[in-house]
Structures are given as structure tokens and as C-alpha cells.
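S.K.: This is what each chain is made of:
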Amino acid sequence: MFKFFFLVNKQGQTRLAQYYDNTPAEERVVLEAEIVRKCLGRNEDKCSFFEMKGFNIIFRRYAALYFIAGVTAEENELAILEFIHNLVETFDKYFDSVCELDIMFNLDKAYMILDEMILDGEIFETNRSRVLAPVKQLERDMFNKTT
Amino acid sequence: MFEKTLSDLVRGIRAHKDNEPEYIGECILEIKKELKTDNMTNKANAVAKLTYLHMMGYDMSWAAFNIIEVMSSNKFVFKRIGYLAASQCFHEGIDVAMLATNLVKKDALSIQTHESSIALSSLSCFLTQDLAMDLANDIMALMISTKPIIRKKSTLAMYCIFMKFPDALRPAFPRLKEKLEDDDPGVQCAAVNVITELARHNPQNYLSMAPLFYNLMTSSTNNWMLIKIIKLFGSLCPMEQRLGKKLLDPLTNLVNTTSAMSLLFECVMTMIKGMPTHGPSMQLCVTKLRLFVEDADQNLKYLGLLALGEIVREHPKLIQPLRDMIIDCLEDRDESIRRRALNLLGGMVSRKNLAEIVNRLRQHLGDCEGTAYRDDIINKIVSICSENGYSNVTNFEWYLTVLVELLRVEGVKDTGPIAKQILDVTVRVPDVRPFSVKQMSVILENTEVLITEMSEALYCVAYICGEYAVYLDDPGKTLMCCYKQPRLNAAPAYVQATLIHNSLKLYVRVLEVAPSGPAGDELRNDSKTFLIENLESSLQSGELEVQERASLVLQIVRYMAKVEGKGGSVLRELKALIEGELNPVAPTAQKKVPIPDGLDLDAWINPPTIEKEPEDMPWDKILFGSDKAYTDTTYTASPDSYQATEEEIMSKKQQRELSLAHNPHYLKAGSSIIGPDVEANSIGTTSTIDLVNKPINLSIPILMDNSTAVPVEKVKKSTKKGKSSRKHKKKQGESSEEEVQPVHRVNVALGEMPEGANLSDGDTKSSIPTNNPHDRLNINLDAPLRDEEMIPVRRHREVGSVVEKPAEVSADHQEERKRKKDKKRHRRDKEADEDKEDKKRDRGERKKETAAEREERKSKRRHHKKEVDGPDLIGIGDGEDVDRNQTEQSKVKQEPTHVSPSKVVDSIQQDDLDFWLAPDASTSPPPDTNGPSIGASLLPSENGTQPIVTLEEDSTHKKKHKHRRDRDKKREKHRPEQVIESPPPVASTTVPLIDPTNDILELGFLNTKKNLQEELVADTNLRILFELKQNHMYNQQVVLHLTFCSKSPSTLTTLEFNIVDSLNVQAVRPPGVGARDAILLPFQLTPGNSQETQITFNVNNVLVPQKLKGTLTYMINSALGSTSEKLDVRISFPVSAFIHTTNFNKNEFMEVLGSGELSEAVTSQLPFIRSTDFNNAVTLISTGIHVSVIERVGTGASLYGVTIGQHHVCLLVKDSLQSGISVSVKSSEQILSQSVATEIAKLV
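Chains as they are written, first to last, in the UniProt record's numbering: chain V, 1 to 147; chain X, 1 to 1244.
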């Protein structure tokens, strides 16, 4: 089960963060800082998992962005890695070769995609077209309304 | 008024890198203004910006109300922004979340998919207990929505509801279970997710669902879901041993075939959890994990080592071949991998390889970086050597050398563990002392300057040199070394004190060995003056302890000088001062101190006061009255007027234990710290112990004194194990090493706890409400739903009633619900107890009791409950509540009819679970067999030739028998024909109740009924039932299961089965039994009992039915004497005994048909069957011949099976309306087709 999921860039700035367990806002800041510091400290040679405060952190780096998932201890690490890759591919498909700025300027869309994939802390949908269907539908609706 | 969009904000922040906080401050002011406007666009925009700022770490909780405003907008574009913000910043503490209840409810139930969907998505982020109660029913309703996505989301959302509102679990569970069989795979997956999560914490409640998941597992191809299901089995397996066996086959299959590493890893982990004692599958896991570790991918390497660490506990031998590979991992670039490898190595150590592993670790220590990691390695070396009372160390001189070298490794932060080891070894192994003392004196001489890291080591070194000074070559030199400056002054006080104290021991030794005559006199004088000089300077020390020791030693030395000046000698007295062997103290010794007669530890020393003591007042201070200020107030109250309640006494006791536990000076009786620590404590802090204990002055003789061996003897007497016994170990004659087995008894049992702790521990679970929702979710799900168990429904007030503020309403509700819930919980507890009792009784009476009776009893109980609960429900509230109750009542009427069928199945299923798990059930795979036949190859054979039972053959054998007996009982229940006197059994009464849609359960159940043993032969004394099964592990083998039922009033012994082998069928005899010898059955038959056995046969020709002849001889042992009896037996093997089902799908089936191999067809007509019975006929054939139905179209069905000789057998059953049912059999052999056709004709 996911405890949280976030994206940070190389400078350690959070670009997307979703928590699934009511972590208070103050703790989030501390937690993020600590995790990001650890992630940044791990280079390519090192494995992408580590334990922290009773849950497992699983991260993957894509260019300048770190995708970081905090999951409960019993979760299958490899499956989460695959999930992260899946998420990135989904972003890629939607934004057409995604970059940090895409996510910054379309934060709501990015959240929406993430929410379609993780629901209440569980992996919910892994099929890219099914994930993107509601997002695209929304776009069409908005387009129709404006025209 | 419209200031900035979100994009502007993002750009702005990027542009103001230098003064970001100020810029954001401005923006927040702007946002506040925007929020005040009436324009929804502005508000939504402001909220969107706030969400971004929140992500950056700025507080936005002040805008909670505005967020709700935006959420309630009827434009989806805005609503979405609102929900996003809510999911980011709402939490339980936010009051306004309550305002959102109606809104969320409305949105969730909206007919617009996206509205409903977004409400469900963000639920987990702001669900509170009240919200969960209110929404439970609605979300449950959504689970049967027509839209798959809504079904899927609501199913997942139920998990959050359960977490916040555990009472919803039981009412909602039947529906959740239905979702496992939803048409949409996504919904299925969601249900699996939820149940896996629930089962992880309370696996015992979900055991009965194992068959359902087993089917899902064997039929699903979705890896995500498979991982979840396998994970679920991972948590179920430890609960039920037999489940592991059942899973063996499919998991092995997956491990061997899957290409997905994540799935492979999950399978391996579940195998490790589920069948840790099963050698072959562990070997398979190790083989696979080896690939992981050898992979270039660091992630796989890490996980491989992690999983191997689980295996090493059970099977250290399996890992041995990987040792070099693991040691190589110590050189890895990633520290976490290195640590995993290190842990793994620790588990692999044995007496043989200890030296090698330690040497490799030492080498590694030289190359590695990072002090923390170095310390880890050193700790590892120490822990693997000291494990189990040094059981792996054979040569202690070697070990000491290693330790001394470790002391010298540069950059070690903490030498404490090493030093303590040296001390411990020296104390516990007397034979190594001379060697140790020499090494220590060298260290004492050679360390010039004190490095802070060495202080702990110096402490031990000084102690060893002083205590065992007899082994020193030159005590005088060592004595000088004690006062080496500047080392001495730089050392911490306790080290200085130890040095000074031990210098006295050394001095005594010097005097002892000094030769008489002038040379000796000179030596004596030298050391005396040296000591006095140095001690005087130590007197100046700022440390109290150092001062004290120095002055003590100084006075003694001066006194000696004085006496000697007069020509006398006090050497003998002085020696007596330090005489005596110090022994290791048992960790439990303190507890064993006998309480002297007349001492009542529970009696008050100072009568307690009425006044409530301040919470933080340490209990021992109160007790000992050492705190003046406090004792003053104590005596103000009259002592007589106070009666301590039990609770208070308990709480005080706990308090006292707590303070003791935190008191470093108190020797903890139950402490898990063993050996070295206790040793160090008792030596180093003897004085402090006394300081603490003295004021009590209860005149207890302190038996804990190190110099007496009494406690150890006590331990010997009182603990049966007598751990402190000495153990002799000879080592190749060169040095015999005697090891005092350390008293390593760490008592974890409650009985060894100090009194008081015991009592309170037992209560914690039941009396203290826990906050962990999983504890509250520990609910029995198999018991049928009771009428009052349902999710509360929120109702609107009557139209026209006074409008109240929503907050008040919910407060009302809350309180009332709390009351209700408390009652419910109470009731549930009671119910659970009753259930337990019932179960116990059930087990005992299972044989006699029919299902009908049980059902009746259950319903009675239900009625009884209703009566009890009735008044409660009515008595709760006023008008409004009555209204509520009515709706509940009406709901009650619906609910049972809705859930009861599946519930009945449930209870049957629970009974069936044992049966399902029993390996014998395996030959009856569910006829839907798309998956592999359940339990294929799980038949453990008796002859021991098979790999399944290679480990611990003997013990499992016994177990097997026990299992079989259990199974017997169960089978009796399911097999009416077998037990003659039992009334019509469960099967006949319950079958009609089974929901026909619930195919898995139903079919599994039918099978158990159909799969009966037939009578083989009978006489007046004995009845033999038989059943033929295939051995899936080995081709060409059939297993004959025999049940012997005694009808005789006497005991039957020496049952011998003499089987005459034919050319085609031969019995597999136990090793050592010739082909013509009789097989002696390993049991006796007592009157009225039955026994079971099995005989395996090799079959060479599977194309035709086979027959065997044999005789059974046995002795009747009665009071009159014993007589021998003989019984002729004919065993016939129909062709169907050689055929089994496979998990073919339609395509594979078509392939076989199309391959042209199946040239020989035989068609036979079954004119006696009416067309209406077509379905029955198909079922009959499929179960009778052991073939699975591949496809059924209208009036035709194709079935498929394969013989144990790998011949395909295809059947086409057709219903031609005129001529009845025809069956054509196709196979590669004419004779096989013919045999099958003949058997079908007989069958029908």
C-alpha cells in the first residue's frame, strides 16, 4: 500500500506530492526533505530501495526528476518500480515526451493522472489508455464549452 | 481583480529566486483577496494557486472553508480544483471536513461518472470516522453500479471505510466477496487488493477464502493481481500448514515459467513463508535467488540477498554453496547491499567455516570505507562468534588474537563490544587466561597516548591484568604501566578508578613473587615508592571515584609500609582482600534470591497518602523516602485513613517497574542482555549497586555478591536446564579448552517476569481500546450476519422540521452513534465468545451432529440475540430515532434474504476448507478446470521414494497419520455411504441451498460428495473400502487408497497384503520387501476403528482396464486366543483410473484435435438417457472418467483428459434428440478408445 508518492527535481524541489495517510503538513515538509536528501545521495551504483521509518522508499530517476514512492514494508519492490515506469510512460504519452515544466504547468492534469492510477493508496489502473481516457474526456469537455 | 493564473505564479516563483519568501507572501495576500470575491472563477484560481504553494510547504489550512466552496461548485472544472486541494490538505483535524459530508455524498452518488469518480478518488485523504459511517452505505450501493469504473473505485474505497469504521466490515463483506467474481477484471483486482490488505493484518479470518483465491490465481493472467493474490497467500500460509502444500504446484509452475521478475520474487517470498521446511522448493528458491544476486541490476541483487536472508534461518546448508558469491557482495559499491550480505553471512556460520568467514570479514574491514559500516562489521564478527555461547568457536586463542587485532584497526569508533568480548572470553574460558593476560599486558604497555576510542578497552585490559595477575611474567612492569602518563589522566573517571584499583592487585602480586633477599627488597621498595608517588597525584583528581580509590589504595600501601617497617607482614591479609574466583552471573540470578522469612515485600514501609502523588514522582523515592521534601508532605496525612485500591497498587507497581527498567544501576532480572554486559555491570559498578541498595536496609543478605557462587547454584537447581554446567571441549590435544557455558537463558516467557507485569500484560488486549484500526478489524467473517448488523443509514429530517445547523446535527448523530456502537461492540465481543465456544463444541460433536441441527442451533441463537437486543434498540432515542429504527427494520428484512444464500455457502465452505486442504481432495479437481487440477501431485506417497518428504521423514510420518485421522473424520461427514450408522449427512441437506451462481464452491462441494470410496471386499470382521488415485508426481503410477473398517469385537493385528503382480501392474513395495513377499500394514485395527493406508502401483499398460488378485491375512486377537483369517481380494483398475484432467483451454484442445494424432474414434450410443438429463450426463462422464469439460455448446460438449501414459483422450458428447445421447471417444489408440467407451456405457 502506498503511503505517499512524490516527484522531486534534482534541486530537491517538490514537483508533485500525494499522501494517502493523512500525514500532517508540517511533517510532510520534514519527511520530504529527509527522503529527498537520501535519494539524491544514492547514485546509479546503488539500489533504488531503502527503508525509512517503518516503510520502504522506492525511487527511480528519470533525467532530472526523481519519482519517489513510499510504501508499506510488505509491498513488492519490483512491482512498484514497474509501476513507476508505467506512470512515467503514461505521462510521456499524455504530455508527449514529458519534462519537468510540463508537470509544473499542468499540475492538475498530472495529479489527475496519478489519481487515476493510484486510488486510496492502492494501484488502481495500469492500462495507459484507460488512465488517460477521463483526462482526455475532460479536455474535450472543456474545449467544447469554450467553443 | 483577476491577478495571476497558476502558470503566472509558477513563472513568478522561478523569476524571483532571490526573494522567494517575499514574493510568495505577496501572492498569498493576493490569494486572500481573490478568495473574498464572489466570483467562482477567481476563487477556484486562488485555490489552485494555494495547492501549488501547499506543495512547496506553505500552510493552507486557513482556506479550508474556501476549498469546500470550490468543491461545491456545480461546474466540474472548479469542482476538480476543489477536490484536488481537499485531497492535499484536509485531514482529520480540520473541522470543516464535516461540512463536506453531504457534498461528498452527493457527488459520490452523482450520475455523472466523472463527478462520482473524483469524489471516490480523494476520499482516502479526508475520510474521518463520522464521514465513513455516513458514507459506508452509499459506497456499498455504488459497488453494484452498472459502470465498471465506479464499481472499481467504490470497491477500493471500501478499504478506507473499513479502516475508519470497522463495524462496516461484516455487513459489507459478502458484497466485497461477490466482487471477486465480477465480470470486469479491474473490479476483481480491486477486490483482491482490498482483501489482501485486510488479510495482511488478520489472516486467520480469511483462511476460508483460500479456495476462491486459489481459483483466481490459477485462472488469472494479470500479473498485478497475481502478485497481490500470492502475497495474500503469503500471509495465509503461516496460519495453515496444509495450504503451503496445496500451493506448491502452482507456485513452482509460476516460478519456472514467468518472465516477470516482480512476480517471480513474490512467488519466491511466498514459498519461503508458506513452506519453509520443504527442501526441494527451498532449493528452487535458492537457485532462482542466485540468479537475482548474480544479476548486474543492483535492485535484484539487493532483493536476492534480502530473500536469501529469510531462507538462511531455516536452511543454512542450502546457502553454503553461495558463500563466495555472498562474500563478493561485500565488495559491492552499494552499502545497503553490503549490509544485506553481511547479515546473510552471519546466518551461515558454522563451526567449520567460522574461521574462514571471520578472516574474510577482517580482510574486508581493511578495504572498506565508512566508520558506521566498519562498526557494523566488527559487531557482526563479535556476534557470530559469541552466538549460542560461543558454540562455533573451537580455538579461543585464535579468537582472542582476532579480537586484539580488531582493537588495533584504525578508525573504529567504538571498541566497547570488542573489549567486552575479550573480558567475557577470559572470564568464561579459564584455559585461555594465561594467553589473554599476556596479550593484555602487551596492550597495557604499548598504548602510550589514550585514544578516546580505546578507553573502554583499557578498562577491560586493566581488569584482566589485575584479576589474573598470577599469569603475568613481570607484574612489576605491568604495575608501572598502570600509571603511564598522560594516558591515565586523559582516561574517563571509571577507567582511572579501575586502573588504580587493579594496581593494588598487581602490587600484591609483586610482593608475592619478589624473591627474598636484597634484590627482592629493592623491588618491593621501588614499587612502593612508585605507587605512593602516583597515588598522591591521583588524590588530586576532580573525580570522586578516582579520589576514593586512590585514597583507599594509598592508605593500604602506607599501612603495609608501616607494618613492614616494624618487621611484620600483612601480605596474607592483603591477599585475602582480593582472593576468590569471580564467576559469570546468571541473568536470572537476581530473581532467584530467596525472600527471607518474615519479610513481606508487599507490606507498606511508609503508609501511602490520600493525596494523589504527582505523576512524575519516581516510585522508588516514595518508597525509600530519600526525597526529603516529599516525605514531609507524606506524613501530613493520617496513615490509617488510606486504603489503596487495587488499580492504584497496580499502577504503582508498573511505575516502579518502569523506573527500575530505566535505572542503569539496577541489575535487571529478565533482561535480555547476557554474558558480557551483565559481567561488566557487576564488576564495574559494584559500588554503585551498593549505593543504590544500601538505603533500603532490609537486612537481606546480598547473595548477588560476585565472590560467592550461590546464585549460580540456585539457578542450577531452579532452572531445569542447568545452563551453568561446565562443558569440556578438547581440541586436538594441543590445548584443551574448557568453556563455561554462559548462562544464556533469556527468559521471554511471561512466567519469568516480575510479578505485576504478568497480570497487567494479560489484560491489555481486551481492556484497553487500541487505536490500531487493524486490531478492530479482527472480525470473524465466516459467522452468518446477524440481523442488527448493518451499516447505519443517514436519513434526512422530515420536511418542515426546523432547520438546524449541519454541524449540530452531526454532533448529535455522533454521540448517539457512539452510544450505539459501544453497545454493539460489547455485543460483538459476547458473540465472538459464544462463537468460539460453539466451534469447540462443533469440533467435538461433529460426527454426530448433522448440519440441520447446527443450522437450527444457529438460528436459535440468532433469535435469542434478537430478543436480547430488542429493547436496546428501541430504548435508544426519541421520535427521530424511532424513525431510524424503522428504516433499519425494513432494511433488516431485505438484507438477510440478500445475503443468506452466500452466507450458507460460507459456512459450508468453512467446513470444506479442511477438506479442500487435505491432499486427498486433490483428485477431484473442480470440473470447471481451466486451471491445473487442484492439488495435482500433492499426494505424499507412503513409500518414501518421493522428494516431497525427504526432510524429517520420521516426524512428518507421524504427523501424516494424525492428519489422516482428521481427514477421516471429515470424510465421514461428506461420505454418507461409508459410515453406515450416520444419518443423512451434511451434503444432502445443504446442497439445495447452494447458490448456483457460485460455481467454484458448488462444484468443489459436489466433488467431495461424488468422490466416494467403494467397497473392495468385506467379511464378518473387516470391511475394506478403496479408492484409486493417480500419482501426479510420477507418470505411470496409480495409488490405491484403502480404508480398513473393523467390524470385529476383537483387535485385528498383523494385517498382511499379499498382492500377485501381473505383467502390466506391479505394486511398489517398501524397500527390503521382495516382489513375492506380503506387504505388512503398519497398524492394528481396534474394534470399531478404521485405518487408512495406500499402496502405489506401477502400471505399464494404461490402455485397457487392469485386474489384480491378492490375499489379505490377519490375526484376530481375542480373549480366547488368536486366530488367523484370510480374505481374497480382487482389485480392478478401470481405464478412468489412468486418466486425469488437465488445464487445457479451448485453443490447446483444438490443436490436439487438429494434429491428426487422434485417429482412432469409437462412438457409442447411450439410449437410456433422456435428453433432459444431458447436463447430468456430461457431469457424470466428466467426473467418472476424470476428464474436464472444454466447451459446451447447446446440445454438445467436448471433454478432454490425458492418461498417465500421456495419451490424449477427447470426448464429444452429443444429444441427438431421436436416439438419445451419443458419446464419441477419440484417442491415438483404438483399444484405449474402446475401453473408455465401454466404461462410459457401464457408468451410465
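These are calculated hints, taken from the structure and not from any lab test.
Backbone N, C-alpha and C define an ideal beta-carbon position, used for all residues, glycine too.
Do not take every clue at face value.
As the list claims (entries may be wrong) - Calculated cross-link-like contacts (lysine-lysine; reagent style DSS-like; alpha-carbon spacing at most 25 Å):
#1 V:K109 with X:K575
#2 V:K145 with X:K75
#3 V:K136 with X:K380
#4 X:K164 with V:K145
#5 V:K46 with X:K106
#6 X:K164 with V:K109
#7 V:K145 with X:K106
#8 X:K164 with V:K53
#9 X:K288 with V:K53
Unchecked claim - Covered, in the sense of this in silico footprint (three residues per stretch, anywhere, with C-beta under 8 Å from a C-beta of chain X), are these stretches of chain V:
#10 48–57
#11 72–84
#12 87–99
S.K.: Go through the numbered hints given earlier and state which of them the structure violates, listing their numbers in rising order.
M.R.: The structure conflicts with hints 1, 3, 4, 5, 6, 9, 12, although it agrees with all the remaining ones.
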